[in-house]
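Order-wise, the sequence lines are chains W and V.
Under the numbering used here, the final residue of the first sequence carries the number 254; numbering is consecutive throughout.
Under the numbering used here, the final residue of the second sequence carries the number 217; numbering is consecutive throughout.
Think of the hints as simulated: they come from the structure by calculation, not from any bench.
All C-beta atoms, glycine included, are put in the ideal place defined by N, C-alpha and C.
Treat the hints with care, as some may be off.
[Claimed, not checked] To be clear about the criterion: a stretch of chain V counts as covered by chain W if any three or more of its residues have a C-beta under 8 Å from a C-beta of chain W, and this derived list gives those stretches: (1) 84 to 92; (2) 152 to 160; (3) 171 to 180; (4) 192 to 202.
Below are the chains, spelled out letter by letter.
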Amino acid sequence: MGALIADVIAWFGDPSNLTGSTGVPVRILEHIRYSGVALIIAALIAVPIGALVGHTGRGGFAVVGVANGLRSLPEIGVVLLLVTFVGGVSLTPVTIALVILAIPPLLGGTYAGVRNVDRATVDAARGMGMTEREILTKVELPNALPLIIGGLRTATLQVIATAAVAALVGVGGLGRYLIDGLGVRDYTQMAAGALLIAALALLAEAVLAGVQRLVVSPGLRATASTGRRAAAPPSEPVEEPQTRSTPVPEPARS
Amino acid sequence: MIDWNWIPANADRLGPAIVQHLILALVPVLVGLIVAVPVGWMANRYRTARAILVPAAGLLYTIPSLVLFIVLPGILGTQILDPLNVVVALSVYTVALLVRSVADALAAVPGMVVAAATAMGYRPARRFAQVELPLSLPVLISGLRVATVTNISLVAVGALIGIGGLGYFLTDGFLRNSQTSIIVGTLLIFVIALIFDSLLVLVGKLATPWVGAGGSR
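Next up, chain W with everything else stripped away, as it sits in the complex (with noise of 0.2 Å):
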């Protein structure tokens, strides 16, 4: 244990590993790419559609479904099975495979956090002459900004843990330290590489735990249960959510 933490501080102090097209920068760079281009289309597919329907009330029964149904498929076995279709060394296969892991967290914190906007303030907001689509996008959208943001941060997570895999079919990301040290049984390497992932999902939690705190508007943190609700990492399954039931958690993982 301690000779391996001495081996990981010289790899990290050796100039090769932190220059160059393979070296630690370029890597990161690659990695956040990889990851935030995943979480831009999912949240252009995702975030609509669950607002829609959560806000309509209509299909809430097969969006639960579809969330559920995609976390139980194994990415890794999504992204191997891509890859032999797409055939080379291509991003798209891990994008598309990234993109599926990200929909059910960012889907379903964006369908229960319209769904569990209070009646009343709903209704409110219609009897003041609002259109549906400003409720959706002026009432609705922020009130449920708490959950959709704990879903993004749960769909980052996943993302940035996953997009690992990537160094299996050839591309580049923090991935390629774990599966070339693998190769060469350089545990070393992996361990850095290990170390990167983990900082760089550490550092992405930070920097949205900041966003949340500055986006949402105060008036929503004052009652304990949905500031707790909010920062909720792990997410139950989604369920159909009730009227003023126990707390059904939002916000899971790779």
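Chain W is fixed; fit chain V onto it per the hints.
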């Protein structure tokens, strides 16, 4: 795309792989549950414990699984190919996930019910076992469902380092360029996860007959 001859040719390897997969995934669920109940109880009972335990559990959850599989041998002194690494790693995740579930589940038990049980002479230990824990089951079981499904899916990641039940068919299929092997492995993991998820829903329904009875609250 699917080579139908592959299935009978490999049938004798599928059974043991399924068994190994289930052991690697489900033992951690049990271990995790046993550890998480007392820890979650503490988190619910003491404010300071909650402030420390719940964020700490969340932090554990942020460590990628592949990372844990690789780092654990260094900590445990095991070989990298030791299945114990996977079991310990998944137990850690299960605890991380369930501590919050247990604490939230216990917090959701109405105070009046606890007060009524106390008034009826239930001592704390018996009150916990016979009143608070059963009433917290709906939230606890939804946490267990996530842990179980996640574990069944995560065991496959272990195949990357050489252990992983059905995950073997994924990495081996990839190396041999056999789509059938990958498809069968992925589908089996998917179906097993769905089966255990449904089983837990069923157990939850049977264990909490009062939920849904007597109309809306």
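| Which hint numbers does the structure go against, in order from smallest to largest? | 1
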